[in-house]
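Residue numbers (numbering that gives the first Met the number 0), protein chains in the order written: chain C, 0 to 453; chain W, 0 to 453.
For the record, the hints were derived by calculation from the structure and aren't laboratory data.
Remember, predicted model here, so these are calculated numbers, not experimental data.
Using N, Cα and C, we set each Cβ at its ideal position, and we do this for glycine too.
Keep in mind that a hint or two might mislead.
If you anchor each label on the Cβ, the simulated ranges turn out as follows [said to hold, decoys possible]:
#1 W/P244 <-> C/Q407: 51 to 57 Å
#2 C/D11 <-> W/T356: 30 to 36 Å
#3 C/E95 <-> W/T356: 44 to 50 Å
#4 C/E95 <-> W/G186: 34 to 40 Å
#5 W/G285 <-> C/S99: 57 to 63 Å
There are 2 protein chains.
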Amino acid sequence: MPTPAEYLTQHDARIHDELFDFLRIPSVSARGEHKPDVARAAEWLRANMERAGLTTSVHETAGHPIVLGEWRGAGSTAPTILVYGHYDVQPAEPLELWHSPPFEPTIRDGNIYARGSVDDKGQLFLHVKAIEAHLATRGTLPCNVILLAEGEEEVGSANLTPFVSAHAERLKCDGVVISDSAMFAPGQPSLLSSLRGIAYFQIDLEGPTSDLHSGSYGGAVVNPAMALARILATFHDADGHIAIPGFYDAVQSWDDSTRAQIRALPFDEEHFRAETGADKLGGESGYSVLERIWTRPTCEVNGLLSGYTGEGAKTVLPSKAMAKVSCRLVPDQTPEAIGALIEAHIRRVAPPGVRVTVRLLQGGMPWRGDLRGPLFEAGRTAMQAAFGRAPVITGEGGSIPVVHDFKQVLGAPVLLMGFGLPGENAHAPNEWMSDENFIKGMQAASAFWDAMRP
Amino acid sequence: MPTPAEYLTQHDARIHDELFDFLRIPSVSARGEHKPDVARAAEWLRANMERAGLTTSVHETAGHPIVLGEWRGAGSTAPTILVYGHYDVQPAEPLELWHSPPFEPTIRDGNIYARGSVDDKGQLFLHVKAIEAHLATRGTLPCNVILLAEGEEEVGSANLTPFVSAHAERLKCDGVVISDSAMFAPGQPSLLSSLRGIAYFQIDLEGPTSDLHSGSYGGAVVNPAMALARILATFHDADGHIAIPGFYDAVQSWDDSTRAQIRALPFDEEHFRAETGADKLGGESGYSVLERIWTRPTCEVNGLLSGYTGEGAKTVLPSKAMAKVSCRLVPDQTPEAIGALIEAHIRRVAPPGVRVTVRLLQGGMPWRGDLRGPLFEAGRTAMQAAFGRAPVITGEGGSIPVVHDFKQVLGAPVLLMGFGLPGENAHAPNEWMSDENFIKGMQAASAFWDAMRP
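Turn these sequences into a full structure, and let the hints steer you where they fit.
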């Protein structure tokens with residue numbers, strides 16, 4: 000009988016075929032027209048998990064379904080570990096920038112290109128296969144396992160925490176494992192110590208009832224697009240600090256030890272800049288790039304729309320202007336408090352002559368972990384086993400809002416072992432996951448169960 | 000034999016049918032896909048002008064064709080009058096805001112609703128019918144007539160002035176008549192004394208090569224959408240003055256007599272505000288609303304586009320941001336000089352980390368007329384005859400760049416007698432022309448020829 004690690008190697012071709020089938024389903028949670036695809040991805044995942052040896056169920060929510068897989072064979076004295084991931088993906092637009100179709104996975108240069116490859120289908124699926132490997136070879140696992148996959152992570156996980164709260168007894172566990180983040184560098188495994196939260200807003204300005212002729216009215220009517228630009232320009236000062244009054248009040252400064260660890264990492268700023276393609280990096284003065292991304296809050300425009308945006312010239316004074324703006328949050332900021340500050344600030348600076356509405360589209364709490372105890376040690380051992388190198392401790396600029404909620408509702412520690420890489424285009428065209436990391440990720444996930452053996 | 004005025008009344012139903020056929024052709028000059036429709040509108044107009052008794056020709060240009068109609072029966076000692084108009088129209092989008100389809104003309108509440116009804120097909124067509132009325136009833140006109148209709152007015156008339164220059168001998172005339180503007184108020188005919196020019200730009204900012212994950216990169220990369228907002232916010236000061244250095248240097252102040260005439264007009268500011276639907280008017284401090292629109296230059300955003308603008312939340316840090324910005328110009332500003340000032344200003348204030356391009360999409364010179372002489376007197380008489388009331392002298396915030404060029408190239412005075420009305424949505428959904436003004440406009444155009452009789 001092969002070991003779980005050998006099983007994964009022997010079944011590599013089939014496992015890749017299955018992953019590609021999973022990636023072909025355009026489970027875009029943000030778009031109403033993809034609702035059937037999201038449901039199809041949930042059912043595909045459930046069936047795959049069932050074949051892996053888990054007892055599965057699909058739970059409808061007010062939004063997209065939650066898929067649950069359980070294996071309770073370790074007995075009531077063994078610990079229970081909950082593995083969380085998400086099977087929904089970001090919208091793929093703009094499609095014309097993809098070098099291969101977003102929902103037709105393609106391996107190029109050792110990377111799997113597809114929307115959802117790294118965020119998060121690939122990283123979720125490697126856990127399913129690691130569990131399958133243990134159950135197929137040894138018939139058992141050292142822990143009871145709950146695998147929970149949601150379909151709304153990319154739209155704010157509105158129904159997940161209510162589900163977890165409603166099923167707190169069933170989901171009771173001693174630790175939560177999540178793979179939905181990136182390693183520090185190729186070959187350098189990492190464990191995450193912090194995540195930023197998020198507060199995502201849509202700001203709508205309305206001026207005239209309809210678009211006006213910019214000649215007949217221009218100069219005498221407040222232009223909503225210009226008013227929006229003037230509002231957005233007040234969000235930062237010249238040094239890149241956020242100038243919304245009260246914005247930093249709840250921000251906890253990072254301890255010296257963590258700042259020292261961050262500074263000690265071999266961060267290649269020039270490589271990071273080249274990766275973005277921007278001429279020059281920017282941001283808040285007084286902080287290194289990694290500190291800006293991991294430890295400091297942001298306020299970024301995600302989208303702008305107003306007036307005429309087609310070919311050529313159309314001389315309208317727009318009726319409306321819209322901005323999507325999101326803040327990444329750090330402890331102890333909350334989406335609600337930041338939302339209230341932003342709305343109050345906008346009302347203070349908006350000119351008369353435009354009506355402003357601010358809607359919070361998505362909110363998630365920031366998180367900082369306590370990196371001690373058996374769960375964290377098993378993670379460290381598993382990473383060492385799969386990559387031959389001890390993991391470093393990193394932060395993450397992105398948000399996995401449910402991490403905070405898992406800790407809050409289930410009272411269990413959370414281990415974040417991610418297998419993405421910098422530059423993976425997680426929310427952009429040409430998203431990819433390193434195939435090597437997918438394979439080593441399965442090995443690490445498998446080694447994690449070994450390391451959990453008492 | 001009826002008089003020309005009686006002829007127009009007797010043929011009213013057929014004339015309306017013809018106008019509606021003309022309005023049904025979606026001759027949107029800004030959109031490549033409508034090129035065949037623009038050509039169809041040119042041919043339709045040519046055929047109609049031929050039936051009116053003019054000798055017609057269609058002249059291809061590098062863009063859309065120019066339609067010419069000539070009647071030279073008055074003899075070489077009689078004056079020659081050139082009537083100019085345009086048969087192209089603005090794009091109709093956003094379509095969902097139209098109460099009836101833009102290219103299916105509909106009369107509601109005494110107004111003809113259709114894209115192009117007032118700008119400028121209706122106002123061009125009434126001249127064709129007035130000429131037809133004279134030739135059909137009297138078989139002659141007191142002047143030689145050239146009717147010149149272009150198909151590129153809404154995209155900057157790039158090929159018109161070269162055409163006029165190339166055919167300067169054939170187009171030699173003693174006066175130019177244009178109906179492409181609005182009356183001061185219903186029942187109050189007007190003659191226009193000034194037009195603003197235009198300089199229309201597209202500003203493109205590029206930062207990262209592709210959209211980035213706003214969590215993984217946000218705070219460390221210059222956001223092109225935020226940079227664009229900060230650039231646009233420098234265009235005005237808090238008092239609504241344009242803050243681009245040098246912008247006002249070429250602006251000639253209006254003489255006291257014209258300012259006194261403008262102030263004497265019975266302008267209803269509250270009605271103007273209600274018409275726009277905005278809560279409150281805005282603009283440059285120190286000037287009345289009419290002065291802002293007629294005598295002062297502007298700098299307005301016409302469109303904004305960046306990042307994700309669809310449904311829901313997508314956490315991208317955009318790769319690009321675009322603004323369409325247009326300035327209305329007053330004598331002696333020029334599009335080229337203003338373009339140079341704006342580009343220099345943007346380069347001065349743009350942050351490092353974004354690449355900026357500024358393209359002049361459209362330029363047109365401002366104009367001020369000399370309201371004396373036989374052409375102007377004939378216009379005054381014609382308006383008095385059709386509306387029973389002497390015209391007032393007004394300005395116009397919009398641009399008809401060719402007016403400056405006609406004066407320049409042909410050396411002839413220009414008479415602007417418009418039949419639009421305030422609130423006609425010329426460049427917006429639900430464009431309309433008062434049917435009464437269309438009918439009285441034909442009578443005025445007909446009376447103009449009577450008034451030109453020596």
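Going through the hints against the structure:
For the pair W/P244 and C/Q407, the supplied restraint of 51 to 57 Å holds, since their beta-carbon distance comes to about 55 Å. In this structure the hint that C/D11 and W/T356 lie 30 to 36 Å apart at CB is violated, the actual value being about 48 Å. Taking 44 to 50 Å as the suggested C-beta distance range, the pair C/E95 and W/T356 does not conform, at roughly 20 Å. Look at C/E95 against W/G186: about 53 Å separates their beta carbons, and that is not inside 34 to 40 Å.
Distance hint check for W/G285 and C/S99: the Cβ-Cβ separation is about 59 Å, which falls inside the suggested range of 57 to 63 Å.
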